[in-house]
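So the sequence lines, in the order shown, correspond to chains A and B.
Just so it is clear: in the first sequence, position 56 is 56 by the numbering used here, and no numbers are missing.
Count along the second sequence from 1, add 1000, and you get the number used in the numbering used here.
Don't read these hints as lab results, they were simulated from the structure.
Idealized CB from N, CA, C, for every residue including glycine.
Please note: incorrect hints may appear among the correct ones.
[Stated by the list, open to error] So the derived list for chain A, only partly shown, Cβ under 8 Å to chain B, looks like this:
#1 E5
#2 H8
#3 R15
#4 L16
#5 G20
#6 R26
#7 R35
#8 R40
#9 T47
#10 I53
#11 S88
#12 W91
#13 V93
#14 G97
#15 V135
#16 I139
Number of protein chains: 2
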Amino acid sequence: MIGAEIEHLIKLLARLPGYGPRSARRAALHLLKNRESLMRPMSQALTVAADVIVACPQCHNLDTSSPCSVCSNPARDGSQICVVEDISDLWAVEKTGAYRGYYHVLGGTLSALDGITPDDLSIPHLVARAGDSAVREVIVALSATIDGQTTAHYLSEALRAAGVTVTQLAHGVPIGGQIDYMDDGTLSTALKSRKAV
Amino acid sequence: MIGAEIEHLIKLLARLPGYGPRSARRAALHLLKNRESLMRPMSQALTVAADVIVACPQCHNLDTSSPCSVCSNPARDGSQICVVEDISDLWAVEKTGAYRGYYHVLGGTLSALDGITPDDLSIPHLVARAGDSAVREVIVALSATIDGQTTAHYLSEALRAAGVTVTQLAHGVPIGGQIDYMDDGTLSTALKSRKAV
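Next comes chain A alone, as it looks inside the complex (with noise of 0.2 Å):
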């Protein structure tokens, strides 16, 4: 009854992240209707995209430019690498302008359920990264999940040999947070990690 194009379309749509067959069928539909402002320009966004943006081999980001924008700036502070699971982890790092060092893309986190082993992440890598003389600290911004804290304990193991410090961002309540509103396990660890005011 759909043309078999739109069906094909369709089905792509609903591989995205969040979308089901019922919001891709709706997203068709929408980018049909604005098919000069949205459909086509997406179209040719999707193929530069994939033809321009390529992985960086120093720190696993994504950029057109390789090593990425990041890794070839000589401003920033060598003497840091900052650990995160994902390129959305960097970007969200990144925007807040309060780093300056490098960064490692890990690629995920260790899993024993999902049988995620070291290997299978670009830790070997970040060993051999953490052994240049110019890096002192190696800053672990990793989920605050069993598996994020897994990984963190794995690698401050791991870089023990390299003579880096290894610290890991901060636990405690979120700002903006309302204390009523907090989980027993973050109150807990806000309390373990009070400071003076």
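Got chain A sorted already, so can you dock chain B onto it with the hints?
Chain B in isolation, oriented as in the chain A frame:
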């Protein structure tokens, strides 16, 4: 920091229904990680669909052929026209397999608030189609909202001169619906429209 090509793609993705800047970022990363299996095929599918899909001049459905595959099917019942608000509604009715007549997509509902008048919709075209001697019944399948019901009422007035029977979808408890979860409006309508078992 992110390449201009990714930024541009994220901006376009953020215009998809249900997507915002954050989810568009996730989608862009997902696409870049599945370049050959998803990103390039999607780019191509968008161009192909934009090229071949046309609006049916008769019922305003979208299809590769003009008139669309429903309108050009002589096996369908020419005495019935089902009026729907949008193409997705046409797809929903068609999927039931319970209807064998033709369709008419209005492209919206009348709305005093949004300033949508009969001339903004394909209502004059519907009145012209209903004037055809073969048409006996116009089935109004619009949403059971204020705007939908206002439009249904307007249609029944506008189609009176064409000498066709105007019907609308039954209102009541949905199949699988639990009585104690129904709102007052639905329950009282279902009570008024009760049928012999």
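**OP:** Taking the numbered hints from earlier one at a time, note which ones the structure violates and give those numbers from smallest to largest.
**Re:** 5, 13, 14, 15, 16
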